[in-house]
Amino acid sequence: GDSVTQTEGQVALSEEDFLTIHCNYSASGYPALFWYVQYPGEGPQFLFRASRDKEKGSSRGFEATYDKGTTSFHLRKASVQESDSAVYYCALGGRRGSALGRLHFGAGTQLIVIP
Amino acid sequence: EAAVTQSPRNKVAVTGGKVTLSCNQTNNHNNMYWYRQDTGHGLRLIHYSYGAGSTEKGDIPDGYKASRPSQENFSLILELATPSQTSVYFCASGDWGGALNYAEQFFGPGTRLTVL
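Line by line, the protein sequences give chains A and B.
Taken in order, the first sequence gives residues 22 to 136; the numbers are from my numbering.
Taken in order, the second sequence gives residues 38 to 153; the numbers are from my numbering.
No wet-lab data here; the hints were simulated from the structure.
Since this is a predicted model, take the numbers as computed values, not measurements.
Do not rely on the hints blindly, as some may be mistaken.
Derived, one-sided and incomplete: chain B residues facing chain A with beta-carbon distance under 8 Å [what the hints assert, rightly or not]: (1) Leu80; (2) Leu82; (3) Tyr85; (4) Ala89; (5) Pro98; (6) Asp99; (7) Tyr101; (8) Ser104; (9) Pro106.
Going by beta-carbon spacing under 7 Å, a handful of chain B positions derived as facing chain A [as the list claims (entries may be wrong)]: (10) Ala50; (11) Phe127; (12) Phe144; (13) Gly147.
Glycine residues also receive a C-beta, built at the ideal position from the N, C-alpha and C atoms.
Modelling step: build the complete structure from the supplied sequences, incorporating the hints.
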C-alpha cells in the first residue's frame with residue numbers, strides 16, 4: 022500500500038542553520054505530495070503541496086521538489102528561526118477518483134531550533 | 038478560513054465505558070476524517086466519510102465506529118474504551134475545491150483522550 026517514510030524523528034539546529042528533513046514515498050499511480058506543520062497544542066496545518074514531477078512547492082521560506090525518480094519530497098529551508106520549531110509531516114494523497122482524498126502521513130519530524 | 042472544531046478537548050474515560058468524540062465543520066466540505074496521533078506513528082486514519090450518511094473504514098478502524106448525521110458533523114464512537122485507545126484524536130475536513138485534483142485537509146485542534 023501507499024506509505025511515507027521520514028527518516029529523522031527529531032532534528033535540532035541553531036538559528037540560521039540550513040534545514041533538510043527527508044521524505045520518501047511509495048505509491049501506485051501519481052499521488053500529490055504535501056507538507057504539514059503542527060505547532061504545540063494545535064492540529065496540523067497545510068504548508069504546501071506539489072502534484073507533478075519536478076514541481077516545487079513552497080511557503081514561509083520552506084520548499085520541496087517532487088522527484089518521481091527518487092520518490093522523494095525533502096523539506097528544506099535556508100535559515101531556520103526559533104519560531105520554526107514544530108513537528109513537520111510529509112504526506113501523500115490520492116487524486117480525484119482515488120480513495121476520495123485520504124492522506125497517508127509519515128511519522129513526523131520534530132524540529133527544535135535553539136536560539 | 039476553514040473552521041473545524043472538536044469537543045471535548047480533553048476527556049478521561051474508564052475502561053469499558055463509552056466515549057463519543059464530536060467534530061463540527063463550517064466549510065461545507067464533503068469529506069471528513071478521523072485520525073489518531075501517537076509518537077512514532079504520526080497520524081493514522083481511523084474512519085472517513087464522503088458525505089452525510091456515509092462512513093468508511095480507514096487503516097485502523099478496530100474498536101471504533103463513526104457517524105455522519107449531517108454535512109457539518111462527524112462523530113467518533115468508542116463503544117468499549119480500552120487503555121490502548123489513549124491518544125490524541127484529530128478530525129479534519131476537506132474537499133476537491135473545483136478544479137483541484139487533490140483534496141487539502143483542514144484539521145481541528147484535537148481531543149486528548151485518556152482511558153484509565
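Indices of hints not satisfied (ascending):
4, 5, 6, 7, 8, 9 and 10
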